[in-house]
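Asker: Position chains A, Z and W against the provided structure of chain V, taking the given hints into account.
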Amino acid sequence: MTFKGISIACSFTTFGLYAVLILSLFYFFRTETLWDALFSERTLFSIRLSVVAATISTFLSVLIAVPSAFALSRYDFAGKKAVDTILELPMIVSPAALGAMLLIFFNNPLGLWIQDHGVQFVFTFYGIVLAQFVTVCGVSTRLIKAAMDEIPVRYEAVARTLGASPGKAFLTITLPLSRRGIVAASILSWAKALGEFGATITIAGSMAMKTETLPIAIFMRLASAEIEGTVVLILILVSIGLSILYIVRILSRGDSYA
Amino acid sequence: MTFKGISIACSFTTFGLYAVLILSLFYFFRTETLWDALFSERTLFSIRLSVVAATISTFLSVLIAVPSAFALSRYDFAGKKAVDTILELPMIVSPAALGAMLLIFFNNPLGLWIQDHGVQFVFTFYGIVLAQFVTVCGVSTRLIKAAMDEIPVRYEAVARTLGASPGKAFLTITLPLSRRGIVAASILSWAKALGEFGATITIAGSMAMKTETLPIAIFMRLASAEIEGTVVLILILVSIGLSILYIVRILSRGDSYA
Amino acid sequence: MLEVVDLSARAGGFVLGKVSLTVQPSSCHVILGPTGSGKTLLLESVIGLRKPQEGKVILEGNEITGLPIERRGLSYVPQDLALFPHMTVRENILYPVRMRGGTQDIENGIVRELVDSLGIRHLLDRSVRNLSGGERQRTALARAMASGCTYLVLDEPLSALHESLKKELWYLLKDLQRRYDLAVLMVTHDLEEAFFLGDTVSVVLEGRVRRQGTKEDVYEHPASVEVARFLGIRNLFHVEKEGGTGDSPLVYCQDLRTTLKLSPHAGKWNPTSTSSFAVGIRSENVAILMPGELTSETHNVIEGTIEDTYASGALVTLMATGRGSSTSVEAALPRSMARRFALAKGHRVLLHLPEESLFVIDPDSREDLS
Amino acid sequence: MLEVVDLSARAGGFVLGKVSLTVQPSSCHVILGPTGSGKTLLLESVIGLRKPQEGKVILEGNEITGLPIERRGLSYVPQDLALFPHMTVRENILYPVRMRGGTQDIENGIVRELVDSLGIRHLLDRSVRNLSGGERQRTALARAMASGCTYLVLDEPLSALHESLKKELWYLLKDLQRRYDLAVLMVTHDLEEAFFLGDTVSVVLEGRVRRQGTKEDVYEHPASVEVARFLGIRNLFHVEKEGGTGDSPLVYCQDLRTTLKLSPHAGKWNPTSTSSFAVGIRSENVAILMPGELTSETHNVIEGTIEDTYASGALVTLMATGRGSSTSVEAALPRSMARRFALAKGHRVLLHLPEESLFVIDPDSREDLS
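Protein chains in written order, with this note's numbering: chain V, 2 to 259; chain A, 2 to 259; chain Z, 49 to 418; chain W, 49 to 418.
FYI, nobody ran anything at the bench for these hints, they're computed from the structure. Some hints could be false.
Claimed, not checked - List of simulated lysine-lysine pairs, PhoX-like, C-alpha gap at most 20 Å:
id, chain 1, residue 1, chain 2, residue 2
1, A, LYS82, V, LYS5
2, A, LYS169, V, LYS169
3, Z, LYS289, Z, LYS222
4, A, LYS5, V, LYS5
5, V, LYS81, A, LYS5
6, Z, LYS222, W, LYS393
7, W, LYS99, A, LYS5
8, W, LYS222, Z, LYS393
9, W, LYS66, W, LYS104
10, V, LYS5, Z, LYS222
11, Z, LYS263, Z, LYS215
12, V, LYS5, A, LYS81
13, W, LYS289, W, LYS309
14, Z, LYS263, W, LYS222
15, Z, LYS263, Z, LYS309
16, V, LYS82, A, LYS5
17, Z, LYS104, Z, LYS66
As the list claims (entries may be wrong) - Distance ranges between label pairs, derived from CB positions:
id, chain 1, residue 1, chain 2, residue 2, range
18, A, ASP37, V, PHE40, 22 to 32 Å
19, Z, GLN152, V, ILE251, 43 to 53 Å
20, A, GLY119, V, PHE60, 43 to 53 Å
21, Z, ARG160, V, ALA83, 51 to 61 Å
Ideal placement from N, C-alpha and C gives every residue a C-beta, glycine not left out.
For reference, chain V alone in the conformation it holds in the complex (with noise of 0.2 Å):
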């Protein structure tokens, strides 16, 4: 077997690995039980949670990663090293990790007054939008910040000789030139948000019809055995997915300004 074919072949393996790992999701699939799985009010209730919650969170983080991302790639400044290592932590550290710190921390004296006076994060909707926005704040300003990485900065250099202040050469050029890459990073946050279940269950736990995201019902589910509805929420999540991809992948194309 030539070098080319023993390469393709292993590309074919983990092809194959993920592949019949979504096809033996049809081996428990009935039509029937899909409709009431999927109309069932608790399913429906875990949909919009996962929908809303997600939306609100990668709304929030985008809002705060386009400056940022856009001060790490263009500015030198004191500590830049350090928030852009940070930025990293929760793509390293362990979602569960990440809920513990969070639950932690609301039961510091600061995080307790917050509960006290302000809003109640702890099991609540609130607990589900902050785990999700610190799971995923950091990655969309990482995507972000890639994306603005490939603008070359003489646009700006060149929009500022032709008059243009630092603000009006952002929005007229930096801006727009990575539309594309911001809606890419926003709509992969998205997904990320959607199917976050490490750091939720650990702040918000998994109450049903009040906490529980679509990630959570799968856990939930399959624990109490209901492979058939488990199933349906996996097949929901993993058309998500490969959509997004889709749609991401379609967006990224031919984005050039070399």
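Answerer: Using the frame of chain V, we list chains A, Z and W on its own:
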């Protein structure tokens, strides 16, 4: 405030968020409990279990990722897009769903046969390794592919005009040139395997002294309100995470073939 | 002998038309064309980096079109040289020897000779990352030639170098070519380089070979408007047949309002079927006569006024317009001559377009002349 | 007037020494140097993209060193042009108008004029992604000039273009410069471009200005070995003072085994303190005399044998070695002349090194001559 100032302030906000989370751990940090928690049999078992499982799963995935990444980076073949897309699945789909898919697979006839005649995966050490492997294999392939994409194809092409077969060109040119990228990818994959929570807990459960990895131990201790012990475990994970980020940053510095 | 026969290739939407060319032993064939004309695509098809759609590549009588790259027997230096960055100069040079299972010794036969004639002995233990531009070129050449192969394929290998260094390497290449009897196929967009190094030249424009021949032939007779423009010739004029014999035809040039005498070797045209066509002349072939110098040679002389002069390097270029004409003639003359004649804007000059330097534009391409 | 005074800058480990230069109104100052010599660093410090370590930039009497980029009043065209890819040609050109709050109308005053004189009216609604090389250049120039600013800073703006297109743009640039009274500061590594476009030239080598002056001055008197080599001059010879008056000194050239007469304007040297130094001559200034042509001018003529000839484009270069000498002289002569004399390898020729073309190398740099 200038535009530059605002954007830098935003990046420090994100930084502050994560920094506060880490700092709040120290509110519950007691030196006495550090040693107690660290050297308890159960903690040591968790650490050993996590390190061994993560090392095995990372080794296996890098082993298959290197040739797969080369095929994806260098060759055009039927189904390449499908392979490339599905590799991102574990990054997009919830780890809980991934674990559930594994569990469901082992309830299939094929999976049951494997369990009966080969290795027992559900609720065992092998289940942990498999969960980590499934989570990490796509990521490591993607990272190594990115490293290989950085190396201009012309190096191999020129090597071939100088008399090298495709296999020799890979061994003498591509592999040494992507060495640092492969090492960095392995380290990041190892960190991801170490922190894996959702898939592991779904397929391997959370049995003390059997399948309790570090992230699962954090979750379990927090559930039983042992905050001080949890803090120690989190600090271990965070320190490993930050050291790895630092190492990877050094490795990926100054790698340019343009 | 390396032959390319009816080769066509495609990259994305770009199509390279049927190309045929021959590289004679111990000679250099240059493929000359602007960026994006398909030169590199052609070279990569010959080397085997791309599958051609049609056509053959034949090396010393054997077809090599289907062979894997490593068994074609062509040495290749790409535009960016592709020196292996993780190896020293020595390791780079010995790479082809190693791949072909030879003795990995820098003191062995041809390798030793190359190291000395390229003057890179002192660099052997350096990493290729720390070489200067010229040192990189020499190393890449040594590596390509170390396998002893005498067919060398070069893709604009000097384009990154500064002019004076580039010229040093031209001399070096010529020297190597003679010493090792190399057959060189090379691509460039640099006119001077092409006409310095090439024995034969193919001009490629938009994926098609538009002109092919010996260097003198291509240089003096571009044959089409596009090729003439590409070679930097701006003196192109409409003419109509007027009379004269086949040996020395006379044409009337409306643009310059004068009658021109052509040489019989001025180019392919059929005076009986074509009555209206175009002629051209290189600016350095336009001579300036001082009023007293006007001899019995009364043909092909125009009286004009200097519109503008541009000095650049060795040559001074001037634009002059004949009386009653709106078309200007470009003349380039050595700086010393321009100084002696004290030529300046507004001066009257006599421009001589020598008949042996006028070439005829292939009438098929005449319509492109605006 | 744009003045740069004692500017020094640093990028990584690279240091640009103290540079002073002046761009006179309506003139063009060219910074000429090879890749990596610090040209772009210098330009970026003037534009404000980099903070200089020391020195001042003064525009029409006002120091602008500390001003933000957008308030310096300099228009800039970078090497890659940096046309905004998400805008049409029209939007690109109107960008500076929009940023300065002017009427965003292409038919307004200078913008309209520019669109017409640059010939880009038909491109206005095209995306800049689909422009050809020349169209991109014209758009970039129009955009830089649309704000009405008459100080233009260009960073090798033509380096990506093919030769013939490049020349078209040289003429266009000259024309724009005259029409709009532009003061241009421009960087290039292209010798021909520098001496075509520049009124004054600074040669920058390894972060230091090595020669500065009018274009003729720099071209004819490189003054140091490095600058001469960089300008492509290979005829550099050791000489020793022999005699003659201050007006027409005589030197003995060991390399060529002959006595040479120098002109009083040959360069700065002090015949009393320096007895041994070097002279140079451009290859195109070396004349070939036919045996009969030898006149009363007996000085500076060498009898030599042609070692090699190289034809390339308009000029033929030949290397000739004098009797008993091992140093060869490079002479470049027009192709037509080489043909008329039928010069070939082995022929004997008389080489004339005219005294007015010989220049003296600054003795401080003499030791670099190998």
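Asker: Please go over all the hints and tell whether each is borne out by the structure.
Answerer: Here is how each hint holds up against the structure:
1. LYS82(A) to LYS5(V): holds (17 Å)
2. LYS169(A) to LYS169(V): violated (53 Å)
3. LYS289(Z) to LYS222(Z): Violated, at about 44 Å.
4. LYS5(A) to LYS5(V): Not satisfied, since the Cα-Cα distance of roughly 50 Å exceeds 20 Å.
5. LYS81(V) to LYS5(A): At roughly 13 Å apart (the allowed maximum being 20 Å), LYS5(A) and LYS81(V) satisfy the hint.
6. LYS222(Z) to LYS393(W): holds (15 Å)
7. LYS99(W) to LYS5(A): Roughly 17 Å separates the two Cα atoms, so the pair holds.
8. LYS222(W) to LYS393(Z): Holds: LYS222(W) and LYS393(Z) sit about 15 Å apart, inside 20 Å.
9. LYS66(W) to LYS104(W): With a Cα-Cα distance of about 11 Å, the restraint between LYS66(W) and LYS104(W) holds, given a limit of 20 Å.
10. LYS5(V) to LYS222(Z): violated (40 Å)
11. LYS263(Z) to LYS215(Z): The given pair, whose Cα atoms are some 18 Å apart, holds under the 20 Å limit.
12. LYS5(V) to LYS81(A): Holds, at about 13 Å.
13. LYS289(W) to LYS309(W): Answer holds: LYS289(W) to LYS309(W) is near 10 Å, not above 20 Å.
14. LYS263(Z) to LYS222(W): violated (33 Å)
15. LYS263(Z) to LYS309(Z): Violated. LYS263(Z) to LYS309(Z) sits at ~25 Å, over the 20 Å cutoff.
16. LYS82(V) to LYS5(A): Satisfied, since the Cα-Cα distance of roughly 17 Å is no more than 20 Å.
17. LYS104(Z) to LYS66(Z): holds (11 Å)
18. ASP37(A) to PHE40(V): 22 to 32 Å: violated (51 Å)
19. GLN152(Z) to ILE251(V): 43 to 53 Å: 50 Å Cβ-Cβ, so the 43 to 53 Å window holds.
20. GLY119(A) to PHE60(V): 43 to 53 Å: Check passed, 47 Å falls within 43 to 53 Å.
21. ARG160(Z) to ALA83(V): 51 to 61 Å: holds (55 Å)
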